[in-house]
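Peer 1: This is what each chain is made of:
There are 2 protein chains.
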Amino acid sequence: MPDRDRNFFLYVNMDKCEIEISKPPEKYSSLGGRALISSFILDNVDPICSPLGRFNKLIIAPGLLSHSSIPCTGRLSIGAKSPLTGTIKESNVGGTASKDICRLGYRAIVIEGRPESDKLYVLVITPDNVKLVEKPELKGKGNYETVKILKDEFGKRVSVLSIGPAGEMGMAAAGIAVTNIEGMPSRFAGRGGLGAVMGSKGIKAIVIDPKNLQLPKPVNSEKYKELLKDYVSRFKENPVTSTVLPTYGTANIVSITQELGAIPTRNFSEGRFEAADLINGYALKRLTDERGGKTGHPCYPGCIIKCSNIYNDPNGGYLTSGLEYETIVLLGSNCGIGDLDTIAKLDRLCDDYGIDTIETGAAVGVAMEAGVLNFGDGEGTIDLVHQIGRGTTLGRILGQGAGVTGKVFNVYRTPVVKNQSLAAYDPRALKGGGVTYATTPMGADHTNGNGLGGNSDPLRPEGQIEYSRYFQIAAAYIDSLGLCWFTRGPLLGNLELLAEISNSYLGLNLTKDSFEMLGKQVISTEKEFNQRAGFNSSHDRLPEFFKLEPLKPHNVVFDVPDEELDNVHNW
Amino acid sequence: MPDRDRNFFLYVNMDKCEIEISKPPEKYSSLGGRALISSFILDNVDPICSPLGRFNKLIIAPGLLSHSSIPCTGRLSIGAKSPLTGTIKESNVGGTASKDICRLGYRAIVIEGRPESDKLYVLVITPDNVKLVEKPELKGKGNYETVKILKDEFGKRVSVLSIGPAGEMGMAAAGIAVTNIEGMPSRFAGRGGLGAVMGSKGIKAIVIDPKNLQLPKPVNSEKYKELLKDYVSRFKENPVTSTVLPTYGTANIVSITQELGAIPTRNFSEGRFEAADLINGYALKRLTDERGGKTGHPCYPGCIIKCSNIYNDPNGGYLTSGLEYETIVLLGSNCGIGDLDTIAKLDRLCDDYGIDTIETGAAVGVAMEAGVLNFGDGEGTIDLVHQIGRGTTLGRILGQGAGVTGKVFNVYRTPVVKNQSLAAYDPRALKGGGVTYATTPMGADHTNGNGLGGNSDPLRPEGQIEYSRYFQIAAAYIDSLGLCWFTRGPLLGNLELLAEISNSYLGLNLTKDSFEMLGKQVISTEKEFNQRAGFNSSHDRLPEFFKLEPLKPHNVVFDVPDEELDNVHNW
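Top line first, the protein sequences correspond to chains S and G. So in this note's numbering, spot 351 of the first sequence is number 351, and the numbers just go up one at a time. So in this note's numbering, spot 513 of the second sequence is number 513, and the numbers just go up one at a time.
By construction, these hints were calculated from the structure, which means they are not laboratory data. Be aware that one or more of the hints could be misleading.
Note that identical chains are pooled: a pair holds if it fits in a single copy or bridges any two copies.
Calculated pairs, EDC-like style, for lysine to aspartate or glutamate (alpha carbon to alpha carbon, straight line, at most 20 Å) [unchecked claim]:
1) Lys306 <-> Glu274
2) Lys131 <-> Glu116
3) Lys236 <-> Glu544
4) Lys229 <-> Asp289
5) Lys156 <-> Glu182
6) Lys520 <-> Glu182
7) Lys547 <-> Asp46
8) Lys285 <-> Glu516
9) Lys135 <-> Asp339
10) Lys547 <-> Glu116
11) Lys119 <-> Glu369
12) Lys547 <-> Glu112
Note that the structure is predicted; figures quoted are calculated from it, not measured.
Using the sequences provided together with the hints, build the complete structure.
Peer 2: Below, the structure written as structure tokens:
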């Protein structure tokens, strides 16, 4: 068992169902989250291994600052070679697990190998014991039921990481659910098919029970307390983190992208959605308030922004939580669906079956374009998501994501980069985000810089490279620290404060310049893995149709030159 | 219209339905077949274009020697950026078209652009006219009916290239059918999804009618006549080309690979098939003779080997023709099917729907492994092929080939390289062929060196690189000359004769060293395209399972080191 110096790796070898706890190589001990994952994967995973074979490794790593009580540092990174993209992958998630893993003293959990049999295991981690428990009765169960069964057995207090049937079936859209503060499996490491990697290793769930272990105290409590006031005040002074996000959640972005003409609509064929008013932040807030749901809900303990929510059905019963902008757009406007209740049902189903709402919405949009069902067909979409969960033939196609769906149904307008679907920002009208989609080592991923908030005109190609570079670097260190992406407003202009508060708590030696260095290092590491895995600059491109088909209402195409895309990571 | 100096390109621009006939750039005028295609595609096709979009080009080019009457020079090359592999692709086919295109004086037909509408066209080429004719009534028709309708309209004499519904539906397993000497659409440019490229351009068929135009006469008739005797005698002296192939066809290989333990059986899980005797060359010969079919049938005019066949049903009626070894194995032993009549029916259906028998058999094998149907279920396999032709949801998966099928159904043992299925030689027991599968620029392709016939022990890794290199180079020039792959026995040891006879007929300046140079140049050109399209050495690998799972009966894995694979094309 780890002692309390908080620097252990927990290795779970599924070839033999063996568990080992050991000190990691020195180089990993100052890393966390995405940085730790990138470095570990580059060092330890064969870049051309089969993503669902025994040579891939699933790494679960809290951010570097998750090992503290600094507010907004509760994000968890999960990574592997992705079965969706073939690239290195880090997917980032809230919920209670990150801090609980830290309480237990683990820097990372590494799951490797692959069992010969198709037995299904739950990994149970407590301060006294780490064990693999066979749980055949969980086979095929949704995340909600799985978590209920496990909480009944292991106690309400535990954090659970789990996969639904999609992960068991090896679907490339399968994510890993993490329980939120209420114990609901509604926070998701959704992107890149990491649920399928977990499933390939025969792990249905990970139960994390720190019992009464606590996070360490600050190294310099006085200093920390002093800095904390300043830190918190930055969040309160920022209107986005103090007002907009806690009031409306990320759904507030609907009105922004609608205004910009950048909201993906009917499979990325238009940039404005006629029913945007029915699915935006105001609509969400109104329905939530009416039905006794909640906005201003934290997605992990210690969050002081609280942009998450609990969404109730018309009768006031719990329907889903963590209903985010990306879900609302990809399963909403992108499918021509302008009804929040339908979208919320879809979100619940995706959470339960264990699939990424972004990839699923994009896949359904492509299927709609192929004529599998009509745009706007909410009930048909609900049926399709059930089909994914049941693993019907059609469901298995959709469960492989938008790229495979586009291939199977011969859809030219398939919005993927490196086979991962774009998120809820059309790159023709938010060109900085387009640069990010094209070039980030993760496949199209809005969390690396979505194109909102830069100084340049989002409709024009000028300045977008610089914009994307800045945010890709920021995302890389934010995801390495365990910070949430929305801390960028309060913190990116106050990196000295961030360095000082981190140092005061954890005894680090960060300076304001450390972060950019770290971010660059992470991206370089990831690109090195990708290069070995068979990627080069030709993969750093948007699908052809974005360059050819003008997007209404601004009639713009994506016109950032290829040569500029190739310069994003030249620093 | 071209004059008779036989050096024109026919450009068909489907953006505007425009036709242009012009002299090609000088650099192409000494090239033919695969060499011409490789060079043209590298120069003219955006390597990251969408394969089924308007920027891809389909090139149809007779071999360099097809413009002569030298025996065994009637093969036709068809190429594009492949929708299956994403690489450059040349697929090679017999039938009557190659010589007819030469009679008309065309070095190549280039089809580019993509119509805005979904209209369906037939391209009709005669000495007096080239035109695009709208033929909506052919939509969804199989190759057999398509060819019948076109021959009724344009005459029995014409050659037809056509696609079935699979090509219209953009399936990556779709090939292009070429009529054989009897006018049956049973010769196939099967590999790489070129039928889908033709379909994406709105071209259902190409009717080639040279009327009374003839091939040119030899430049030096006396010399040619003299050399011709020697040339023909080489074929007669070689037991494979003089006896084995005309008697048993390529089906003779069944007994060889069975003996070697290298015959793909039940989705590449075993190397011997218990029912091999029922599907080998002797069985084929016996059934063919009994039913009034034919072996010793030429696949194109001017062939003096005649390894093709006509296969009749039990009542003596025509069932299919050109029933080849690869088809017999991939749709036979690889699916656990040990019945030639079932395999022949499957071959006919694949020809009619317009799909590659190799890719289809591999995809069905993967589906069987996934439990979609049982190994050995012949009727079930027939149903699946009908589903491909009808474009059912399951059919569309299979129609995308083994790679997509393996992804959708989460099958680890998916036998593809660069997403193209391996052919009928297990690379663990024929390691030279394994090297070729891994490294050829075309994705797994047996026609570039299948591992049979080398001097080294096929079960051991030593010497396989040299073997594969030799045959990859040979394949590249053979496919550029319009020669058939089986001419390698008589000709590879007599390259001086090949040079002289070519010079005497066509006034070329070849020497015995020209061929190897040409072959290397072709492969280098193709690799350059692939590199620009996003491929590097990490893609030159067999699937992981070939290195991990020993193949019965010899219990061998594929163990040629990666570093050696990376040296195959270093010359």
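Peer 1: Can you tell me if Lys135 and Asp339 fall within 20 Å by alpha carbon in one copy, between copies, both or neither?
Peer 2: neither (38 Å within a copy, 44 Å between copies)
Peer 1: Classify it for me, Lys547 with Glu112: is the Cα-Cα distance of at most 20 Å met within a copy, between copies, both or neither?
Peer 2: For Lys547 and Glu112, only the inter-copy Cα distance (19 Å) is at most 20 Å; the intra-copy one is 41 Å.
Peer 1: My question is about Lys236 and Glu544: at a cut-off of 20 Å on alpha-carbon distance, are they close within one copy, between copies, both, or neither?
Peer 2: neither (43 Å within a copy, 53 Å between copies)
Peer 1: Within a copy, between copies, both or neither: where do Lys131 and Glu116 come within 20 Å Cα-Cα?
Peer 2: So Lys131 and Glu116 pass the 20 Å test inside one copy only (18 Å; across, 61 Å).
Peer 1: How would you label the pair Lys229, Asp289 (within, between, both, or neither) given a Cα cut-off of 20 Å?
Peer 2: neither (31 Å within a copy, 94 Å between copies)
Peer 1: I want to check one pair: Lys547 and Asp46. Are their C-alpha atoms no more than 20 Å apart within a copy, between two copies, both, or neither?
Peer 2: So Lys547 and Asp46 pass the 20 Å test across copies only (14 Å; inside, 35 Å).
Peer 1: Tell me, please, which holds for Lys156 and Glu182 at an alpha-carbon limit of 20 Å: within, between, both or neither?
Peer 2: Within one copy only: 9 Å inside a chain, 76 Å across chains, cut-off 20 Å.
Peer 1: Could you figure out if Lys119 and Glu369 sit no more than 20 Å apart (CA to CA) within one copy, between two copies, both or neither?
Peer 2: Close across copies (19 Å), not inside one copy (39 Å); limit 20 Å.
Peer 1: For Lys547 and Glu116, with the copy left unspecified, which applies at a CA distance of at most 20 Å: within, between, both, or neither?
Peer 2: between (47 Å within a copy, 17 Å between copies)
Peer 1: At most 20 Å between alpha carbons: which applies to Lys306 and Glu274, within, between, both or neither?
Peer 2: neither (29 Å within a copy, 66 Å between copies)
Peer 1: Treating 20 Å as the Cα threshold, decide for Lys520 and Glu182: within, between, both or neither.
Peer 2: Neither: 36 Å inside a chain and 65 Å across chains, both beyond 20 Å.
Peer 1: Go through the copies and call it for Lys285 and Glu516: within, between, both or neither, with a Cα cutoff of 20 Å.
Peer 2: Result: close neither inside a copy nor across copies, 36 Å intra and 73 Å inter.
Checked against the numbered hints given earlier, this structure breaks hints 1, 3, 4, 6, 8, 9; the rest are met.
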